[in-house]
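Asker: Each chain, letter by letter, is given below.
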Amino acid sequence: MTRYAFLELTSCGDCLSELYMNPEINKLLEEGEIVYWPAYGIVGDPEEIGEVDVTFIAGTVRTRRDLEELEKFRRISRIVVAYGTCSIYGGLNGLTALLEPRAIADGEYVKLLMPTVKPVTDYIEPDILVPGCPPTREVMARLAKTLKKYISGGKPEKKIFLIPGEVLCKHCPRRPSNPEKAEMPGIRDPNEVVDDGRCFIEQGILCLGPVTANGCNHLCIRFNHPCMGCMGPARGVVDQGLNMIGSIGSILLKSREVKLLFPGLAKELDKLRDPMGYFYRYTLPKAMLTKLALRRRGVE
Amino acid sequence: MDWEPWLIGFLSKWTAGIAAESAGVNRVRYSPNIVLINVPCCGLISPIHVVDAFLQGADGVYIGGALPPANCHYKVGNFKAFKRFYLLKKLMKQFGIEPERIRLEWFVSPQYRKLAKTIDDFVDEIKKLGPITGGVEE
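Sequence lines, in order, name chains A and B. All residue numbers for the first sequence refer to the numbering used here, where the first residue is 917 and numbers rise by one. All residue numbers for the second sequence refer to the numbering used here, where the first residue is 32 and numbers rise by one.
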């Protein structure tokens, strides 16, 4: 009988519940046995559980206990699935990456926290990576298919990344007819969006599509909301924020820049008040500048 | 203090690059703390190159491009660079890294004295700011 473990580190707890509720995954779980899932009352000492076939991990490593549990389960499990954006890029939990533990907790609790928050992939090597906040039904179906292959034994030879990884804009329903001529006419507030099916960037609204991986079927974009980048960087994108700055530099007001000159451009760029919060909502712990800022604090 | 700053400079080869060459020909001295790299256009420098330079230990990055509006060889490269590094400076400020560590200067090709002077200024400024590691020895 296949033995499953559900490991929730610091997370909102939604990802794994949703995974459990998915019919295809649920069928697999019914045939097997869940040996560890503290959130649903299935507890036990990881030392005494013995070998586990598949461990689903969601969440980030924020506390010292998270790290202990994570390393134990990597040792005892055959296949580790890093599930959700938090476990791969940091997700929303990762937004505390630059805060000192003292700013988050009081008194003796400070000692329980790691010096910074990091995703699971910074500590262990998962076998299957499933990004998404939360992963969509199609991705779950793909996960069920992949797991069936390895259920009787063996493990993937190299890491399996369960989304295509190409840029979101490639198949976007709002893709402009001539992408090379696309121009951003200024920076506008998202609440000014008119749902006329035009590209958000062409309307002056920042959309992280140019740097984000496809795997969500344009869920937000189809419902008239610009991409927030929850799937993490696309293939070839080094750092979501820095690459996005590069794109904005290329297309913002490109036909009027000679008239506006530097002061005019600066005035327009000042309308973007919080670039860090906007560009790194889901990937702050993986940002190159975070690495630099943490190094100055003596945290590696 | 025996710490000396280490800087990287990216120069557009059509303007600042020529200025740097004339500075050599005319025996104008500037600080040896800077390593200058000629690039085809300052508009092709990605923010990733600059942050990568910081990660590898550069204490400051100097970028020299063409004086607007009409001196850029590729017409608009300097505007692209300005937009990128204006935003990058804002971003760095939010991360707690001094935005003064990036210096943008604009040239026409004969201004080699301006190049030497701004580089010396920049080195002095970085000396005041201290190392990029914030005093933590690696």
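Everything labelled a hint here was simulated from the structure, so no lab data went into it. A portion of the hints provided could be inaccurate.
In silico DSS-like cross-links for lysine-lysine, where the CA-CA straight-line distance does not exceed 25 Å [said to hold, decoys possible]:
hint: 1; chain 1: B; residue 1: K124; chain 2: B; residue 2: K106
hint: 2; chain 1: A; residue 1: K1170; chain 2: A; residue 2: K1097
hint: 3; chain 1: A; residue 1: K1187; chain 2: B; residue 2: K120
hint: 4; chain 1: B; residue 1: K106; chain 2: A; residue 2: K1207
Have a look at the derived ranges for each label pair, beta carbon to beta carbon [unchecked claim]:
hint: 5; chain 1: B; residue 1: W34; chain 2: A; residue 2: D1022; range: 21 to 27 Å
hint: 6; chain 1: B; residue 1: Q125; chain 2: A; residue 2: Y1025; range: 45 to 51 Å
hint: 7; chain 1: A; residue 1: D1186; chain 2: B; residue 2: W34; range: 31 to 37 Å
All C-beta atoms, glycine included, are put in the ideal place defined by N, C-alpha and C.
Asker: Check each numbered hint against the structure and report the violated ones by number, ascending.
Answerer: Violated hints: 1, 4, 5, 6; rest satisfied.
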